[in-house]
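Protein chains in written order, with the working numbering: chain A, 1 to 581; chain B, 1 to 351; chain C, 1 to 330; chain D, 1 to 327.
Some hints could be false.
To be verified - Distance condition first, Cα-Cα at most 30 Å in a straight line; then the derived DSS-like pairs of lysine-lysine:
{"no.": "1", "chain 1": "C", "residue 1": "Lys98", "chain 2": "A", "residue 2": "Lys242"}
{"no.": "2", "chain 1": "C", "residue 1": "Lys146", "chain 2": "D", "residue 2": "Lys70"}
{"no.": "3", "chain 1": "A", "residue 1": "Lys218", "chain 2": "A", "residue 2": "Lys182"}
{"no.": "4", "chain 1": "D", "residue 1": "Lys70", "chain 2": "A", "residue 2": "Lys446"}
{"no.": "5", "chain 1": "C", "residue 1": "Lys146", "chain 2": "A", "residue 2": "Lys242"}
If you're looking for bench data, these hints aren't it; they were derived computationally from the structure.
Nothing here was measured: the structure is a model prediction, and the numbers come from that model.
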Amino acid sequence: MGKANKGLRLAAVGAVAALALAACGGGSSSSTSGGGEPAKGGTLYYLTNAEQFDQIDPQRIYTGEDLAFFNGTIYRTLTAYKFSPDAAEGTSIVGDLATDTGTATNGGQTWEFTIRDGATFQDGSPVTCADVAYGTSRTFATDVITGGPTYAISMLDIPTLEDGSSAYKGPYTGEGQELFDKAVTCSADGKTITFNLSRPVPDFNYTVTLTAFAPVPKASDTGEKYGDAPVSSGPYKIESNKNGKGGKMVLVRNDKWDPASDDYRKAYPDTWQVDYGLDVKVIDQRLLASSGNDATALANGVEPEQLGVIFKSPTEVNPEFAGRAISELDPYVRYLAINVQKVPNLKIRQAIAVALDRDALRKNAGGDFAGDYADGVIKPNMGVDYAPSGMWETLLGEKVADAGNPELAKKLIAASGEAAPTITFDYPQSPTADKAAAIVVDSLGKAGITAKPNPIEPGQYYGVVFDPEKAHELINAGWGPDWPNASTIIPELFTPTGGFNLSQYDNADFNAAVETAKIEPDRAKQAKMWQDLNTKAMADVVVIPTRFGREQRLVGKQIGPVYLWPAYGSWPYAEMYAVQQ
Amino acid sequence: MAGKANSQRAFLEVSDLSVQFPTEDGIVRAVDGVSFAIERGKTLAIVGESGSGKSVTAQAVMGLINKRNADVSGEVFFDGEDLVAMPEEGLRKLRGNKMAMIFQDPMSSLHPFYRIGDQLTEAVNAHEKVSKASARDRAIEMLHKVGIPAPAKRFDDYPHQFSGGMRQRVMIAMALINSPSLLIADEPTTALDVTVQAQIIELISQLQREFDTAVILITHDLGIVADVADEVAVMYGARVVESGSVDDIFYHPQMPYTLGLLASIPRLNQVPGDRLDPIPGNPPSPLRLPTGCVFNPRCVYQDRVTGDVCQTQRPALEDVGAGHQVRCHLPATERQAVADLTLNLLGRPSR
Amino acid sequence: MSAYVVRRVISMIILLLLLTLVVFILFSLLPADPARLTCGKGCTPEVLEANRHKLGFDLPVIQQYWEFMKGLFVGRIYAADSPSPVVCNAPCLGYSFKRGEEVLVLIKDRLPPTIWLALGAFFLWLAAGISLGIYAALRRGRWQDKTVMGISLAGYSLPSFFLGLMAIFFIVIRLQLLPYPSYVSPFENPIQFFQTMLLPWIVLAILYAAFYMRLTRNQMLEVLGDDYIRTARAKGLPERVVIRKHALRAGLTPIVTAAGLDLAGLLGGAIITESIFSLPGLGSLAVNSVNDADLPVIVGITLVTATFIIVANLIVDLLYAVIDPRVRLV
Amino acid sequence: MVKVALIDGPDSLTGSEVASRSLRKIVWTRLRRDKLAMVCLFILIALYLIAIFAPVICGLLGVDPYSFDKESISDSGGGPVGTWGGISTEHPLGVEWGTGRDIFAQLLYGLRISLLIATTATILTVFFGTVLGIISGYAGGKTDAVIGRTMDLILAFPFLLIILAMSGVLTQRLTALGVPDGNPSRITYLIIVLSIFGWPYLARIVRGQVLSVREREFVEASIAMGASRYRILFKEILPNLWAPILVYATLTLPTYVGTEAALSFLGVGVLPPDTSFGGMLGNSVSYFSVVPSYLFIPGVVLVVLVVTFNLVGDAVRDALDPRAGRV
């Protein structure tokens with residue numbers, strides 16, 4: 001509902017996957033481990049406002065928290081991120097279904113993984129190369145398998161047709177199957193899988209952490225409906241799932257899972273229960289009280305009104321909640337995309353950026369609880385790829401205060417050769433976003449720019465703004481990388497082939513530089529390229545970065561460990577436990 | 001109208017009855033010091049215009065005025081008991097039993113949701129413990145008496161399946177089913193067709209003879225009065241302005257208002273197309289009854305009274321003959337002169 | 001009578017057909033492209049087209065309507081020509097690709113909380129509304145009457161969401177008399193069920209009872225002034241018989257109409273109350289579907305709700321004929 | 001047997017009195033005697049004046065609903081600084097969470113929007129309800145049937161759901177039709193949908209009245225004298241309808257105030273930076289366990305508004321038809 005429930009918490013940022021890398025950006029480190037020793041057994045509760053998971057089908061999951069949850073419980077992937085609160089360690093990978101993190105040959109264009117012995121599906125049948133290959137092939141059936149990441153399509157060495165689509169149409173039609181079978185091959189014993197890529201991808205072993213590359217037994221594939229009864233390869237399996245308010249998903253132990261084959265997952269609890277559709281206030285109240293079952297419950301957000309109760313400051317938890325609450329930089333960058341097709345004049349775009357009161361926007365979002373001022377789309381916790389863009393210091397001609405500078409904006413408009421523009425601001429409606437819109441309208445108004453708010457129902461939001469005919473000049477957005485490489489940011493946001501190019505940005509030089517950076521094998525050189533491209537995009541004011549987001553979370557009294565897993569900006573589900581009594 | 005010899009009081013004796021309703025707009029004096037009396041087997045007609053207080057008088061006698069909403073004062077002696085002072089439960093036992101009432105509009109006086117048979121037996125059961133079967137027999141017999149054809153069959157019909165006249169017969173049956181000694185009929189024929197009116201009046205008279213009932217007939221139809229009444233009380237502005245025997249009222253009227261009423265009756269000898277002689281002006285509002293004589297604003301003869309007593313003094317009820325009383329400031333001689341003048345002009349009314 | 005019912009049912013069906021058509025035309029105007037919503041990231045024009053086809057949105061509105069109507073009777077297969085068709089069995093109210101579920105199943109799932117809410121509130125408000133209304137009528141003009149009418153005025157002047165939020169603020173947050181509402185089935189955990197439903201029942205009941213107090217009082221006053229009540233008193237019936245048998249029967253008849261229609265309306269989902277108390281009923285399903293632009297669900301709920309109301313109209317009319325012998329169904 | 005011809009008029013205690021005075025005068029006299037109603041009427045007039053002159057009042061107090069006061073909110077979490085939502089001399093009713101906008105000013109501007117929508121929608125409802133009711137009742141036959149079915153159709157719709165679902169698209173259509181973009185379109189949308197879902201109730205009442213009035217002698221007389229249809233409808237019938245219409249209108253206005261607030265609460269209200277009662281209450285949900293004044297200030301004002309409207313409506317009805325209402 002529009003105003004009373006704040007919509008899905010997951011959807012607040014947008015349908016973006018997330019992962020954040022290394023480095024102690026923002027100086028936040030309130031992460032603490034929950035007290036007590038892990039106990040085997042018990043039930044862990046996952047309380048959520050969402051009425052269902054966006055997707056359960058492994059090839060269609062594309063939300064950070066969901067990837068972490070399902071990867072940790074039912075879908076094994078070739079490689080996976082280490083569990084650690086440490087930003088560097090927590091985003092490094094280990095072998096999971098594969099014995100190690102894979103071997104690259106052919107300059108990073110061919111990748112080989114060996115599948116572990118003893119890995120089985122929930123029916124006891126062994127996981128083979130064919131199952132991984134079949135799972136991967138499902139991504140190509142774009143008319144059935146929607147919503148998931150499409151890296152398999154863009155990276156595997158399969159020709160594209162004239163219209164830009166892959167010549168392989170997925171396993172259901174079988175059209176172009178031979179092309180896929182050439183790109184993904186299995187050894188005779190079915191233990192080794194080889195991916196032949198169309199270009200060097202130095203970090204392809206990070207790509208396969210996505211459940212889009214998880215194994216699916218062909219015999220069990222029901223296409224569109226596979227998510228209703230997916231086959232588990234992890235320590236748990238879905239016993240029941242009922243979506244909607246009052247509904248729940250119950251995961252029970254998968255007795256065919258052999259711990260000896262999986263040193264990655266701890267699998268402490270006997271049961272996981274996801275309670276759907278709870279009011280956000282109810283979730284907060286239950287976790288604050290932490291009585292009964294709620295002692296081993298977790299959720300992934302706190303309402304602003306409770307922040308003062310739980311935290312002393314954005315980096316310090318009140319003693320009462322010590323060991324139960326975290327406040328960390330999340331993987332996301334919040335920004336306003338400027339539709340360059342509709343605002344082609346750079347000076348006007350600069351004027352909009354200069355006029356915007358980012359200070360008020362941040363305050364409205366929760367002040368320092370909401371994060372730090374952003375200067376680009378690459379976040380400091382991305383590590384090597386981050387460098388200050390100088391957006392607010394030099395890129396706009398002079399230093400711009402966080403509260404904006406209407407006078408400078410007016411000068412820029414005067415220099416643009418155009419009249420002060422009238423623009424429309426698209427945003428997903430919520431009470432907080434309504435206030436943010438008011439701030440946008442007011443602060444741009446001070447520079448003579450007429451802004452009109454255009455609230456869109458949250459569930460319809462990306463459906464509208466991705467439609468070039470329906471998107472307006474200024475578009476609210478947020479993005480987090482898919483793995484620790486800005487190759488999952490810059491190309492996605494700023495090139496016509498990217499999946500999240502809300503700005504409709506299409507600059508030939510820029511596109512060419514992106515293609516070069518993508519295949520650069522030297523990570524340090526590549527990082528410098530991403531930094532430059534980030535700065536270039538900011539100089540072109542393709543987006544106005546507003547905030548490097550920070551988030552707060554709370555759990556019950558008897559659950560651990562309590563830290564934000566840097567890999568997905570999520571809970572470390574696979575090693576969570578009920579505290580021993 | 002003195003009491004009969006064998007009793008101190010008449011069978012029903014109303015004296016100085018007043019009913020006042022306090023409303024938002026002020027106190028409504030619906031009945032103001034009304035007195036009359038009636039014996040068993042006799043018929044008293046109360047005549048007057050709408051709003052003159054005759055219906056309220058009847059309801060006050062029946063104890064149907066809600067004492068929460070109204071002040072009732074005076075005395076109503078019914079068979080020796082004062083009904084005004086009587087508690088509600090006592091009144092209830094009398095109502096529908098020793099005294100009964102039928103109303104003006106038979107269309108709305110019967111409960112639309114219940115079969116008429118049930119409504120009749122309910123009246124029986126309210127006062128007597130009788131078996132279902134015998135209550136039913138009595139009801140059917142009563143329906144037969146009031147002239148409902150095939151009463152056993154119609155027993156189970158709903159009111160809306162009857163015509164207006166038939167419904168009034170059912171009402172009469174219901175009123176008389178416990179053989180009351182007093183029947184008050186409040187404009188029983190006003191809502192009915194002219195042809196049916198006569199039948200109903202005849203029916204009432206007939207049953208009155210059979211049960212030796214005292215009947216108070218409330219009407220504005222002087223024609224009926226002439227036919228069936230023994231005594232007549234003329235009401236105007238919440239008061240009885242003249243009362244007496246039928247002959248007194250029709251042949252020796254004393255009060256200008258009574259004259260006006262008589263004058264407005266269409267007569268056989270009237271020239272067709274001649275307009276009736278209405279009394280000029282409108283009846284007074286019970287909220288603001290005129291001071292002095294209530295009729296004074298409309299009285300054309302007040303110039304025959306010396307001084308302003310008509311406007312200032314309430315005329316007393318004055319005996320002008322055996323049982324003939326009148327409230328008027330006109331001197332007796334003037335009254336006679338005025339009456340003769342009018343009656344001669346009109347010709348004597350046909351009876 | 002049976003001829004009447006047949007005629008009413010026919011006109012009811014016509015009305016429903018008209019309604020579905022209007023709903024279809026209205027919703028075909030909506031801005032969000034449902035095909036795009038299920039398309040996700042990495043959406044290409046041809047995927048979009050395929051989705052549109054799968055959902056049947058590539059057809060003209062009238063044909064979509066025809067497909068929908070056909071689905072109601074013979075079921076429907078979405079994306080029949082694709083490798084993984086979705087079967088929706090008759091009666092098919094549509095299929096939500098957003099939720100991956102048949103609309104009818106979704107509605108059936110969400111109906112129980114709505115029914116509990118509606119029934120509980122219904123009995124509360126009828127009991128409170130009618131008894132206080134009668135009481136006020138019998139004490140007309142006195143302080144009891146004025147008090148009841150004051151309560152009624154307050155009741156229907158309070159916006160439901162304000163009342164609901166205040167209930168949560170005082171009862172749940174400040175006094176902590178009840179836990180935060182969190183719906184469970186009464187068969188699963190009756191105590192939590194009652195703890196959850198108590199406030200929504202009371203809030204809804206207050207809103208409706210306010211109206212029924214007034215309605216009952218005015219009805220009773222009107223009936224108490226009717227001639228047949230005077231007749232009943234003149235018969236010497238005890239006052240309680242006059243009130244209970246004669247006045248109530250006639251006075252409460254119109255209330256049957258109002259109550260039937262109000263109950264039917266509530267069965268379609270109390271949007272605001274369900275939202276505030278986060279009850280997983282039809283109302284909150286409706287609001288969520290509006291937010292998600294989940295057209296098949298919105299259309300389905302609209303139709304189901306309208307059907308409730310139209311059927312309730314018929315039932316109330318039939319009931320009326322049973323209660324009031326004057327009413328003849330022709 | 002014959003009747004006395006001079007007797008005429010309704011047989012009620014006050015009948016003759018009523019006939020002797022003009023109805024309008026009586027109604028006014030009765031209203032003036034109702035002290036509570038007069039107080040409410042006074043409050044209502046005051047509220048309308050406050051709404052009309054909201055900018056002036058805000059100007060005098062030095063507050064306005066749009067400007068942000070970053071000083072008044074905390075940088076940690078965005079909550080208001082100080083107790084009771086940041087009530088201070090600068091901000092008499094406190095400030096909004098996250099922006100520091102003045103609640104008092106928002107309240108006044110919200111009142112403006114509430115009254116604008118409710119009043120206009122009531123006028124439209126009364127207009128359509130009356131016209132269609134008269135046509136339906138007077139014309140009868142097919143016209144009556146068509147209007148009747150339309151009413152059935154409208155009344156069968158779950159109107160809250162439809163209003164929610166259609167707000168986006170219909171607002172855009174209005175903009176396309178030339179209504180200024182943004183709030184003018186949204187407000188127009190609300191007014192139109194409220195009227196569309198409101199008129200059938202009044203039309204039914206009016207139709208019933210017309211049917212009974214039509215049968216009365218004076219209308220028959222007019223028809224017999226060959227009066228034009230227009231004359232009959234508007235000179236003979238309409239004047240007999242004003243009592244029920246007036247009662248309906250006075251009781252509809254508060255309903256619309258409430259409905260508008262509910263719709264804003266659900267998110268179909270005016271656009272930021274403007275806000276209305278429902279919007280303010282909707283915003284309060286996230287914060288009221290910490291700052292209850294966010295809930296109570298707009299809530300109480302809304303209730304006062306609706307209660308006074310209802311009291312005046314009741315009083316008008318009582319004055320017009322003393323039997324129906326309070327004693």
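Here is how each hint holds up against the structure:
1. Lys98(C) with Lys242(A): 15 Å, holds
2. Lys146(C) with Lys70(D): Outside the cut-off at roughly 49 Å; violated.
3. Lys218(A) with Lys182(A): 18 Å, holds
4. Lys70(D) with Lys446(A): 16 Å, holds
5. Lys146(C) with Lys242(A): Not satisfied, since the Cα-Cα distance of roughly 51 Å exceeds 30 Å.
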